[in-house]
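Undergrad: Each chain, written out:
2 protein chains.
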Amino acid sequence: MSSSSAAPRRGEKSGAAAKPPMRDALVAAAFRLFLERGYEQTTVDDIVALAGVGRRSFFRYFPSKEDVVFPDHERCLADMTAFLSSGDGAEEPVRRVCDAARLVLLMYAENPDFSVQRYRLTKQVPGLRAYELSVVWRYERALADYLRRRLRDRRDGTLHADVIAAAVVAAHNNALRSWLRSGAGIDPEAAVDHALGSVRSTFGTEPAARPSGWATAQDRAEDVMVVVTRRGTPLWRVVQEIETAPARD
Amino acid sequence: MSSSSAAPRRGEKSGAAAKPPMRDALVAAAFRLFLERGYEQTTVDDIVALAGVGRRSFFRYFPSKEDVVFPDHERCLADMTAFLSSGDGAEEPVRRVCDAARLVLLMYAENPDFSVQRYRLTKQVPGLRAYELSVVWRYERALADYLRRRLRDRRDGTLHADVIAAAVVAAHNNALRSWLRSGAGIDPEAAVDHALGSVRSTFGTEPAARPSGWATAQDRAEDVMVVVTRRGTPLWRVVQEIETAPARD
Numbered sequence: 001m002s003s004s005s006a007a008p009r010r011g012e013k014s015g016a017a018a019k020p021p022m023r024d025a026l027v028a029a030a031f032r033l034f035l036e037r038g039y040e041q042t043t044v045d046d047i048v049a050l051a052g053v054g055r056r057s058f059f060r061y062f063p064s065k066e067d068v069v070f071p072d073h074e075r076c077l078a079d080m081t082a083f084l085s086s087g088d089g090a091e092e093p094v095r096r097v098c099d100a101a102r103l104v105l106l107m108y109a110e111n112p113d114f115s116v117q118r119y120r121l122t123k124q125v126p127g128l129r130a131y132e133l134s135v136v137w138r139y140e141r142a143l144a145d146y147l148r149r150r151l152r153d154r155r156d157g158t159l160h161a162d163v164i165a166a167a168v169v170a171a172h173n174n175a176l177r178s179w180l181r182s183g184a185g186i187d188p189e190a191a192v193d194h195a196l197g198s199v200r201s202t203f204g205t206e207p208a209a210r211p212s213g214w215a216t217a218q219d220r221a222e223d224v225m226v227v228v229t230r231r232g233t234p235l236w237r238v239v240q241e242i243e244t245a246p247a248r249d
Numbered sequence: 001m002s003s004s005s006a007a008p009r010r011g012e013k014s015g016a017a018a019k020p021p022m023r024d025a026l027v028a029a030a031f032r033l034f035l036e037r038g039y040e041q042t043t044v045d046d047i048v049a050l051a052g053v054g055r056r057s058f059f060r061y062f063p064s065k066e067d068v069v070f071p072d073h074e075r076c077l078a079d080m081t082a083f084l085s086s087g088d089g090a091e092e093p094v095r096r097v098c099d100a101a102r103l104v105l106l107m108y109a110e111n112p113d114f115s116v117q118r119y120r121l122t123k124q125v126p127g128l129r130a131y132e133l134s135v136v137w138r139y140e141r142a143l144a145d146y147l148r149r150r151l152r153d154r155r156d157g158t159l160h161a162d163v164i165a166a167a168v169v170a171a172h173n174n175a176l177r178s179w180l181r182s183g184a185g186i187d188p189e190a191a192v193d194h195a196l197g198s199v200r201s202t203f204g205t206e207p208a209a210r211p212s213g214w215a216t217a218q219d220r221a222e223d224v225m226v227v228v229t230r231r232g233t234p235l236w237r238v239v240q241e242i243e244t245a246p247a248r249d
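As you go down the protein sequences, you meet chains A and B in turn. Mapped onto our numbering, the consecutive letters of the first sequence carry residue numbers 1 to 249. Mapped onto our numbering, the consecutive letters of the second sequence carry residue numbers 1 to 249.
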């Protein structure tokens, strides 16, 4: 698996405050009604009646009916932003955004049944799909903003930041969808590590830990010498080049 | 410029039917009011009154007020889909999706003033931003669907298709935003070709035409020999390797 010990893993999200029980009760009531009657046919009044609380309590936790469908994204966005700004600037940037994207996967994986139910609901309701796109866009902006800072001095830094952030989000979502479509039947962390490993191989400046079965030439990188020479260069010159190459260790 | 002669260019969009004048009049009236009064403060009734037509005419062309802000996306999506399905399957896939993304840029560049006005409007109105995200998502799906077909037989083909499509869209949008922020002051085609050239260099299987100033090692690829050897390999073996390398031409 590609995560370093510095990357947050499930159960280690120190920033997550304990959720108020009323908030949980509202989410549970909402989903029970969405599944029984359909999303459009359920009103906020129906939800608060089932949860046994007043309308004001609902709107204390959720600005709208759509927000109750995605109750953990604000916390996850805050966790991601905190994680990205907590580094000392020495982290390999592509690895860092991959580890940040992993946090979103872990949020989904915390509640597999809920995540699969929501996935099915979101596919059926265009308004929820639009809401989800705006959430995904906020994650992508958080990753891109971090990369823009880190790649500021590089030529085309902004372009590369935007492209890498989009690639990370697409790889993450590919793995997340595979997991959701499987009904949470596959290992979500293995799926996301495989997908993000591919992005790190493409864009990273350090070798990614590869899922088993991948090419392993990089594992022996320190043992390998690469000589690039023009065809037609006299052999003695090539030999000289090899002989004078700086020794390692 | 990276586009081949096979890629559609401005003024060559054969599929574009002449636009009905009433539709254009509605768009013009809508934007005049959006700029004068603000988007939220303008109703469909205001728009049809200024354009001198009835409400039914408006809804014949536009399902909602949001749609009048993006009057050309449906045509552009149709053009893009037609372009992607018109190939003979021999095209290099990454180049093909880059050329398809270029169509969107050309649509914006057709009406620079309108595009810049809309960009400023969209930044101010969250609902329009959400609408735009859903449009961008449809473009990305069109590119990803094409790539999924083309990369079907490749290992992790779906993952690579999704990642490449996202990278293409991000690069395109980076260039588009640069152009819009400049008030249409820079060359939009040069900007998008530079951005897409970077994606083609990363993912493509053929060398992209590079914007001037880029590394040119690939230009001399046929003159270069790369020897990969383990450190500690006896020199005579390296020399033997070089001497017996297959000759080119």
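Rather than coming from a laboratory, the hints here were simulated on the basis of the structure. If you're wondering where the values come from, they're calculated on a predicted model, not measured in any experiment. One or more hints might be untrue.
Covered stretches of chain A, as calculated for chain B (at least 3 residues, CB under 8 angstroms) [to be verified]:
| hint | region |
| --- | --- |
| 1 | 156-165 |
| 2 | 168-174 |
Dumping the calculated EDC-like pairs for lysine to aspartate or glutamate here, alpha-carbon to alpha-carbon at most 20 angstroms [claimed, not checked]:
| hint | chain 1 | residue 1 | chain 2 | residue 2 |
| --- | --- | --- | --- | --- |
| 3 | B | K123 | B | E66 |
| 4 | A | K65 | A | D46 |
| 5 | A | K65 | A | E91 |
| 6 | B | K123 | A | D145 |
| 7 | B | K65 | B | D45 |
| 8 | A | K123 | B | D145 |
No residue lacks a Cβ here, since even glycine has one placed at the ideal position from N, Cα and C.
Undergrad: Decide, hint by hint, whether the structure agrees.
TA: Evaluated hints:
1. Requiring three or more residues with a Cβ within less than 8 angstroms of a Cβ of chain B, the coverage given for the region 156-165 of chain A holds, as 7 such residues are present.
2. Residue count for the region 168-174 of chain A with a Cβ under 8 angstroms from a Cβ of chain B: 5. That meets the three needed, and the coverage hint holds.
3. Restraint check for K123/B and E66/B: the C-alpha separation of about 14 angstroms stays at or below 20 angstroms, so the hint holds.
4. Proposed proximity of K65/A and D46/A is supported: the alpha carbons are some 11 angstroms apart, at most 20 angstroms.
5. Straight-line distance between C-alpha atoms of K65/A and E91/A comes to about 39 angstroms, which puts the hinted pair past the 20 angstroms bound.
6. For the suggested pair K123/B and D145/A, the alpha carbons sit about 18 angstroms apart, so the restraint of at most 20 angstroms is met.
7. Only pairs whose Cα atoms come within 20 angstroms are accepted, and K65/B paired with D45/B is accepted, the gap being roughly 10 angstroms.
8. Taking the CA atoms of K123/A and D145/B, the gap is about 18 angstroms. The hint holds against a cut of 20 angstroms.
The structure fails hint 5 only (numbered hints given earlier).
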